[in-house]
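Peer 1: Listed here are the chains, written in short residue letters.
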Amino acid sequence: MLKLENINKCYNPGTVNENTIFQDFNLSIPSGQFMTIIGSNGSGKTSMLNLICGNIKPDQGKIVMDEENMTNMSEHARYKRMGRVFQDPAAGTCPSMTLLENLSLADNKNKAWNLTKAVNNQRIEFYQEKLKRVGLGLENKLDEIVGSFSGGERQAVALLMATITPIDYLILDEHTAALDPKAAETIMQLTAEIIEEQNLTTLMVTHNLKYALEYGDRLIMMHKGEILLDAFDQEKSQLILNDLLNKFFEISIEVGNAI
Amino acid sequence: MTILIGIFEQGLIYAVMALGLYITYVILDLPDLTVDGSFPLGSAVCVALIIAGVNPVLSLIISFFAGVVAGIITGIIHVKLGIRDLISGIIVMTGLYTINLLIAGKSNVPIFEATTIFNNDLLKQLPESFKQYRVLLVLIPIVILCKIALNRYLHTKSGLLLRSVGDNQNLITTMAKDPGNMKILGLALANGLVALSGAILAQQQRFFEASQGTGTMVMGLASVIIGIRLFAKIKLMSFPMKVILGSIVYKAIVAAAIALGLSANSLKLITAILLLIILLISEHGKKEKVQQYD
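Top to bottom, those sequences are chains H and G. At position 98 of the first sequence (counting the first as 1) the number is 98 in the working numbering, and the numbers step up by one without a gap. At position 210 of the second sequence (counting the first as 1) the number is 210 in the working numbering, and the numbers step up by one without a gap.
Hints are computed from structural coordinates only; laboratory data are not their basis. Please note that the accuracy of each hint is not assured.
Stated by the list, open to error - If you want the footprint, here are the derived chain G segments under chain H, 3+ residues with CB under 8 Å:
{"no.": "1", "stretch": "154 to 160"}
{"no.": "2", "stretch": "163 to 171"}
{"no.": "3", "stretch": "174 to 188"}
Said to hold, decoys possible - In silico lysine-lysine, DSS-like type, Cα no more than 27 Å apart, as pairs:
{"no.": "4", "chain 1": "G", "residue 1": "K147", "chain 2": "H", "residue 2": "K62"}
{"no.": "5", "chain 1": "G", "residue 1": "K157", "chain 2": "H", "residue 2": "K130"}
{"no.": "6", "chain 1": "H", "residue 1": "K132", "chain 2": "H", "residue 2": "K117"}
{"no.": "7", "chain 1": "G", "residue 1": "K80", "chain 2": "G", "residue 2": "K157"}
{"no.": "8", "chain 1": "H", "residue 1": "K141", "chain 2": "H", "residue 2": "K182"}
{"no.": "9", "chain 1": "G", "residue 1": "K80", "chain 2": "H", "residue 2": "K141"}
{"no.": "10", "chain 1": "H", "residue 1": "K109", "chain 2": "G", "residue 2": "K157"}
{"no.": "11", "chain 1": "G", "residue 1": "K80", "chain 2": "H", "residue 2": "K132"}
{"no.": "12", "chain 1": "H", "residue 1": "K117", "chain 2": "G", "residue 2": "K157"}
{"no.": "13", "chain 1": "H", "residue 1": "K117", "chain 2": "G", "residue 2": "K235"}
{"no.": "14", "chain 1": "G", "residue 1": "K147", "chain 2": "G", "residue 2": "K157"}
{"no.": "15", "chain 1": "G", "residue 1": "K147", "chain 2": "H", "residue 2": "K80"}
{"no.": "16", "chain 1": "H", "residue 1": "K117", "chain 2": "H", "residue 2": "K130"}
{"no.": "17", "chain 1": "H", "residue 1": "K247", "chain 2": "H", "residue 2": "K236"}
{"no.": "18", "chain 1": "H", "residue 1": "K224", "chain 2": "H", "residue 2": "K210"}
{"no.": "19", "chain 1": "G", "residue 1": "K80", "chain 2": "H", "residue 2": "K57"}
{"no.": "20", "chain 1": "G", "residue 1": "K235", "chain 2": "H", "residue 2": "K111"}
{"no.": "21", "chain 1": "H", "residue 1": "K236", "chain 2": "H", "residue 2": "K224"}
{"no.": "22", "chain 1": "H", "residue 1": "K62", "chain 2": "H", "residue 2": "K80"}
{"no.": "23", "chain 1": "G", "residue 1": "K233", "chain 2": "H", "residue 2": "K111"}
{"no.": "24", "chain 1": "H", "residue 1": "K132", "chain 2": "H", "residue 2": "K109"}
{"no.": "25", "chain 1": "H", "residue 1": "K224", "chain 2": "H", "residue 2": "K182"}
{"no.": "26", "chain 1": "H", "residue 1": "K141", "chain 2": "G", "residue 2": "K157"}
{"no.": "27", "chain 1": "G", "residue 1": "K233", "chain 2": "H", "residue 2": "K141"}
{"no.": "28", "chain 1": "H", "residue 1": "K117", "chain 2": "G", "residue 2": "K147"}
{"no.": "29", "chain 1": "H", "residue 1": "K3", "chain 2": "H", "residue 2": "K236"}
{"no.": "30", "chain 1": "G", "residue 1": "K80", "chain 2": "H", "residue 2": "K80"}
{"no.": "31", "chain 1": "H", "residue 1": "K111", "chain 2": "H", "residue 2": "K141"}
{"no.": "32", "chain 1": "G", "residue 1": "K106", "chain 2": "H", "residue 2": "K109"}
Stated by the list, open to error - A few chain H residues that don't get close to chain G, going by computed Cβ distances all over 12 Å:
{"no.": "33", "residue": "E75"}
{"no.": "34", "residue": "Q234"}
{"no.": "35", "residue": "N246"}
The beta-carbon is built from N, C-alpha and C at its ideal position, and this holds for glycine as well.
Same shape as in the complex, but just chain G (with noise of 0.2 Å):
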């Protein structure tokens, strides 16, 4: 039961950040290794503002916007100097790791005692049976609320031209916008959602480390491949509730070869073969592309 509720706690959390990998990888198309700094970074100004007493919540929201920020910066990079997509990422991911480390202070920053969304004076009055589940409690409504948040803005007239600009970019030329902005905007979202994803994690978890962000990319665009080819099948179902899912899937799956007695230091070398596999059964390596949306 432990091992299941702790596998939802952790899909969960990073299925705030596989939400946003869908929108760069899925949606526009744009390989992004921001992320792996981009999360930590959440990390760090989540744990730092906690240690200055600011309310938990805030700091989760202030953590998105910190998020924002990097995206727009490698969205610079890549449209504006006209560095490629790659490289963009990796130089502001890099950058990253130093300002991570300037905001926390160090390298290792618990906040063990700190008041977080999951450890307050409301969730304590919670009955003793209740009090396993807690964190899934608050877990949930944030997810949701990603979510529907997501869904709504991708239906909005901005969040059609988001969609467009991955599915074919010189129409949003003749349609009199620049696709260079919307890619920074989408870049801007996704990275806000990552950070926000290392925020809660840190709040999860209650501490901040500097290399709480390799790997994150695999990590997500498995999670995000999986959900999209696992669920393909059900057309009811939104895309990024299918990214939700895949998360909690892949969760799973780590869990599951822990469990076989891979030992928890080969994590990242799991992670690695584990979207190879995924890659080669879903055939996603040949570039083909997939639907988008529904």
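Okay, chain H solo, but in the shape it has when bound (with noise of 0.2 Å):
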């Protein structure tokens, strides 16, 4: 159970750029679940992972994790648990280093980073076996330099990096979104594989209105630092398309957008 309670937080407080984004905001995420997120830009959705991952820390509040209170957690800690996908495919990879050794330095988490040789050859298959699945061809890359791979091979690269050892929550911040649309059709579905087999709770921010509602089994649309909509199970496999767009184009009217 991931919770955030009466969380406060604003940007550049008493400047004239002042920007409170959340108050009192509140949601909790079971475990298990897999929660996609909605929403217009500036709504929170980004600045609400940040909290949970701790890049910000909130005014007020509590972030909880299965009880723990990590509100002040440094940023690194958080993540023995965690695996996060960002947008950009180069932020989950080292480009200047080779597949196998990206993929020996993301099997080595949480364990001790001691003078003992960086890349361990009985994990050859291992590797193989992981990348034959994502169905690129990487497999027969592991010797090349991640820097030269696509933006899609890298972004399965990275996806691969953040859940091969075992954690808990999966943070994925529109990971399809710099991906081409085969290329995000595949990573979408390698994601949601490695969500079923590991049981990770899941929070996915995306724009692709139709992955918001393929995927998981809850909903979230989120405007001015608040949920609008929270769909779960049930609710949300009957919600279609077009329910999503009215609401969007509510929320454009509201803050004087023209369509």
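Got two chains here, each in a separate frame; can you build the complex from them with the hints?
Peer 2: The structure is reproduced here in structure tokens:
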């Protein structure tokens, strides 16, 4: 269970740029839930993920993970149990290292970073199996530099790296947004498979309404730091694209955007 | 021949320093100016120890650790206190000038009569025709040892993490490790090597001089970039090896400049202009990221 309790967050308080993102914001995500999050720009989606991951700290309120208050926990310590995939495919891999080195790096998470050899040859078969599932032929590119990979390939590697060690929470920050439609589809399917297999509690921010409806067992729509729509299992499966689009138009008119 | 031997001697001594700069500048992508202070620090510590009668080899090892401490201090100022990297280095470099004088006692300390790694009973037994190579005979194994150790380290788990800090710092955080601590480790190792280089130079020149460190960073950077660019096409050669060769090539260029009639007094100016030219040729000034490692 991941809980955000009575969160207040304001950027640049006391200046002309003061921007209140959250006021008494509450959200709880039960273990094993796959939640998709949609919302307009500036709605607080990414701020929410950043609060959970620890890049930003709340002004007030608590962030609780399985009864443990982690509001003041350092960013890196939170990742012991979390994985995150970013929008930018370059953000999840080391470009100057080989695929094998990248996977070895990820594979050593939560283990000792000592003076033993970085690459364990006995794990290569395991990596190749994982890579084969992606279906991009990456299993034959273990010795290639990741910097030379395409966006889709890099995002697949980033996803594998984020989930190669046992984690409980997976944070997906528009992770298919920078990919072409075909690559996005591949990554999204792989994501769903991994989440199912490892029973990961997942938060997925997306601008793709189709994915938001199709995947996951809960959908929330955010606007100006509030949750406008919160649909669970049954209710979610009955939602259709038009419902979401209408809701989006309502918001847009409200904030004065021309359509 | 004497000039050629001189180039190799100087090139190899400064190669150890260049290996340190390779860690900070290329691997960590962090401009570290501490080196201008940690280079003479190694020299000061080594000379003080030798005068105190400590074994020359042991003096080198202790000098290395003196550099490690300097690197850690820069790292703490940068990472824990949040001061910009360049400024952190300048602060420690400036402070070290005084520390170095305190360690050595005064700004110029000779050790002409002392036993050093280049001047001991064992080397005196060499046949007369080998005598002119005695410095190289000692230097080559030391540099090879440093190169192998660094290479090995970069392929360990800890080394892999260090390499990824400069490559993608965010990723380290998601690997549940603090990138700041890895930066401190990198700075420690780098300045250790720089101080070791200074200590070796002190034993070869047989004196400590307080201003020995001026321009170390520029010189090291030039060597690193020459090595990496010049041997870019040779895939089988490891990066530390390229850096070592770069250092020798750099010294050859400087020797050539002096042979062409430029006075030794203008050495620093040559160094500065040379680095500028290298940067322009290799288009490094555009902040294009070189491939760090293969």
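Peer 1: State for each hint whether it applies.
Peer 2: Taking the hints in turn, this is what the structure says about them:
Counting residues of the stretch 154 to 160 of chain G whose C-beta lies closer than 8 Å to any C-beta of chain H gives 6; at least three are required, and the coverage claim holds. Interface restraint, the stretch 163 to 171 of chain G with chain H: holds (6 residues with C-beta to C-beta distance below 8 Å; minimum three). Counting residues of the stretch 174 to 188 of chain G whose C-beta sits closer than 8 Å to any C-beta of chain H gives 6, which meets the bar of three, so the coverage hint holds. For the given pair, K147/G sits about 50 Å from K62/H by alpha-carbon distance, which is inconsistent with the 27 Å threshold.
Using a Cα cut-off of 27 Å, the hinted pair K157/G and K130/H holds, with the two alpha carbons roughly 21 Å apart. Proximity of K132/H to K117/H is assessed by CA-CA distance (about 25 Å); at most 27 Å being required, the pair is judged to hold. For the proposed pair K80/G and K157/G, the alpha carbon gap of about 24 Å is at most 27 Å, so the pair holds. A hinted pair counts as satisfied when its Cα atoms are at most 27 Å apart, and K141/H with K182/H qualifies at roughly 20 Å.
Between K80/G and K141/H the CA atoms are separated by roughly 39 Å; this puts the pair beyond 27 Å, and the hint is violated. The suggested pairing of K109/H with K157/G holds, with an alpha-carbon distance near 10 Å, which does not exceed 27 Å. Distance restraint check for K80/G and K132/H: the Cα-Cα separation of roughly 43 Å exceeds the 27 Å cut-off, and the hinted pair is therefore not satisfied. With a CA separation close to 6 Å, the supplied pair K117/H and K157/G stays within the 27 Å bound.
A threshold of 27 Å between alpha carbons decides the hint, and for K117/H with K235/G the separation of about 21 Å falls inside it, so the pair holds. For the hint linking K147/G to K157/G, the alpha-carbon distance of about 18 Å falls within 27 Å, and the restraint holds. The straight-line distance between the Cα atoms of K147/G and K80/H is roughly 34 Å, outside the 27 Å bound, and the hint therefore fails. Straight-line distance between C-alpha atoms of K117/H and K130/H comes to about 22 Å, which keeps the hinted pair within the 27 Å bound.
About 15 Å separates the Cα atoms of K247/H and K236/H, which keeps this hinted pair within 27 Å; it holds. As the CA atoms of K224/H and K210/H are separated by approximately 22 Å, the hinted pair is consistent with the 27 Å bound. For the suggested pair K80/G and K57/H, the alpha carbons sit about 18 Å apart, so the restraint of at most 27 Å is met. The hinted pair formed by K235/G and K111/H fails the criterion: a straight-line CA distance of about 32 Å is larger than 27 Å.
Annotation: proposed proximity of K236/H to K224/H holds, straight-line Cα distance about 22 Å (limit 27 Å). Note on K62/H and K80/H: the hinted pairing holds, with a Cα-Cα distance of about 19 Å set against a maximum of 27 Å. Simply put, K233/G and K111/H have alpha-carbon atoms about 36 Å apart, too far for the 27 Å limit, and the pair is violated. Among the hinted pairs, K132/H with K109/H is consistent with the structure: their alpha-carbon atoms are about 22 Å apart, no more than 27 Å.
Our distance criterion of 27 Å between C-alpha atoms is broken by K224/H and K182/H, whose separation comes to about 32 Å. A threshold of 27 Å between alpha carbons decides the hint, and for K141/H with K157/G the separation of about 21 Å falls inside it, so the pair holds. Restraint check for K233/G and K141/H: the C-alpha separation of about 21 Å stays at or below 27 Å, so the hint holds. Taken as a hint, the K117/H and K147/G pair is honoured in the structure, with Cα atoms around 17 Å apart against an allowance of 27 Å.
Straight-line distance between C-alpha atoms of K3/H and K236/H comes to about 21 Å, which keeps the hinted pair within the 27 Å bound. For the suggested pair K80/G and K80/H, the alpha carbons sit about 22 Å apart, so the restraint of at most 27 Å is met. A hinted pair counts as satisfied when its Cα atoms are at most 27 Å apart, and K111/H with K141/H qualifies at roughly 26 Å. Pair hint K106/G plus K109/H does not hold up; C-alpha atoms about 50 Å apart against a cutoff of 27 Å.
For E75/H, the requirement that its beta carbon stay farther than 12 Å from each beta carbon of chain G is not met, with the minimum near 6 Å. Against chain G, the non-interface label of Q234/H holds: every CB pair exceeds 12 Å, the least being about 35 Å. With a closest Cβ-Cβ approach of about 37 Å to chain G, N246/H is found to remain outside the 12 Å limit, as its non-interface label requires.
Checked against the numbered hints given earlier, this structure breaks hints 4, 9, 11, 15, 20, 23, 25, 32, 33; the rest are met.
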